[in-house]
Amino acid sequence: MTHLPGSNPRLPDDINNSHTSPLADFAFMAAGLLLLIVGLSLAIGWSATWLGPHIPLSWEPQIVIGKTEEKSDHHQKIERYLQNLTTSLASETGKSAIPVTLHYLPDVDLPNAFATSGQNIHVTAGLLNKVSSENALAMILAHEYAHIEYRHPAILMLEQLAHTLLFAMLGLNEDGAGAIAGNTGLATLMSFSRKMEHASDIRALELLLLRYGHTQGAAEFFNAMMLEEDYEETGGVLSLFASHPDTNERLQRIAGYTTDGELTPLPDWLTSATEE
Amino acid sequence: MGFLYFLALLIIGYLFGKWAEKRHYRSIHEREDSLRDLLVLPVRVPEPQHLSHDSTLVTGSVVISVDYFKTVAASLRNLFGGRVGAYETLIDRARREATLRMQEDAQLKGAELIYNVKYETSRIGDNAGKGLGSVEVLAYGTALIPTR
Chain R
8 MTHLPGSNPR
18 LPDDINNSHT
28 SPLADFAFMA
38 AGLLLLIVGL
48 SLAIGWSATW
58 LGPHIPLSWE
68 PQIVIGKTEE
78 KSDHHQKIER
88 YLQNLTTSLA
98 SETGKSAIPV
108 TLHYLPDVDL
118 PNAFATSGQN
128 IHVTAGLLNK
138 VSSENALAMI
148 LAHEYAHIEY
158 RHPAILMLEQ
168 LAHTLLFAML
178 GLNEDGAGAI
188 AGNTGLATLM
198 SFSRKMEHAS
208 DIRALELLLL
218 RYGHTQGAAE
228 FFNAMMLEED
238 YEETGGVLSL
248 FASHPDTNER
258 LQRIAGYTTD
268 GELTPLPDWL
278 TSATEE
Chain D
-10 MGFLYFLALL
0 IIGYLFGKWA
10 EKRHYRSIHE
20 REDSLRDLLV
30 LPVRVPEPQH
40 LSHDSTLVTG
50 SVVISVDYFK
60 TVAASLRNLF
70 GGRVGAYETL
80 IDRARREATL
90 RMQEDAQLKG
100 AELIYNVKYE
110 TSRIGDNAGK
120 GLGSVEVLAY
130 GTALIPTR
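Chains as they are written, first to last, in the working numbering: chain R, 8 to 283; chain D, -10 to 137.
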């Protein structure tokens, strides 16, 4: 009398193997992950906007582009001029004017200006060639100053830091800690959001109005930009317009605020020297 | 660009993995049918009629690796938890393939049946960073060969 079976059993194919559609499963999880990241990103953006302005100015790391050891007299003169112009604009805000440092980039032909972390504003030679009145230049400087006044670099850094942390926590970024250190420093070179640009445009117009009593000339630079289309990203530094709302749209907004007045010319030495 | 590369790997992984799985299951079913009479038993103590048989160790081993699609699907599962369906089919196939290879080994040795069948598994290439690791499934047992 044997207790052995006659043959091996026919193995069931669907007990150890769920046979669920892997694609549907994958799509479901990927969508869930995406939703999670989008949700957390929004939460991060919101909290950074709230927290950013509360961070002491001195905590912002100094990020200066194109640092040069030796500056020519002309270079220094331009920087001084830009510095004075910006300071006079900023002083219109009264008590809470933030001290900013202006940097002139003599070797950059691309018309551009940008604010970086540590209350720094950079202006390229190309930009100075492009503007024809002090008012137009002041509009741009006031715009960059507004970014700093609204603490946009700090907000961007916070967002970047939180994102990197989030991705490291989710295990989506292999070198988590290193990436945090590396990326946050560059955060201010990243684009400001359209909302930030919008706010800065409005603030710049306000400053212009306070300083000159009118906003004539504010649209000039953007008018000039409309004629040229070569404002793409260059060398890792986003151009003034890459991250900005559609130039046309901004122009219309500025036009809506524009009041007539007399333009202040740029100093002679500046216009003659930059056109050499 | 990086995303396209990722997507391409994903699609290749999925299509190739699907095709390989289908083909493998077909082969498994055929071979299981042909070896149905070579008994595989977990029992440790032989039945009286087998007491005078010769005995020998038989083994069957499989090393499998996952495709890219399964790796990504499983890493998503790591976030959400739950049944890792993508790996289940793979491991199911590996176990059955290992059993079949053990049976084929036994058949070559002229065995009648295999007692005391056990399974073991180990991970290979675990330290290859985030690369695809492999898993070995080993089936072994005591094959009983009739004496003349």
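Since the hints were made in silico from the structure, they are not lab data.
Incorrect hints may have been included.
Stated by the list, open to error - Calculated Cβ distances over 12 Å to all of chain R for the following chain D residues:
#, residue
1, Leu27
2, Glu36
3, Lys59
4, Arg72
5, Ile80
6, Pro135
What the hints assert, rightly or not - Covered stretches of chain D, as calculated for chain R (at least 3 residues, CB under 8 Å):
#, segment
7, 17 to 26
8, 60 to 70
9, 73 to 79
Positions of the beta carbon are idealized from the N, C-alpha and C atoms, including for glycine.
Okay, the hints, checked on the actual structure:
1. Leu27: Violated: least Cβ distance 7 Å, not greater than 12 Å.
2. Glu36: violated (6 Å)
3. Lys59: violated (8 Å)
4. Arg72: Non-interface label on Arg72 (chain D) violated, nearest chain R Cβ at 6 Å vs cutoff 12 Å.
5. Ile80: Its Cβ does come within 12 Å of chain R, the nearest being 8 Å, so this is violated.
6. Pro135: holds (14 Å)
7. 17 to 26: holds (count 4)
8. 60 to 70: holds (count 8)
9. 73 to 79: holds (count 4)
In terms of the numbered hints stated before, the structure departs from hints 1, 2, 3, 4 and 5, listed from lowest to highest.
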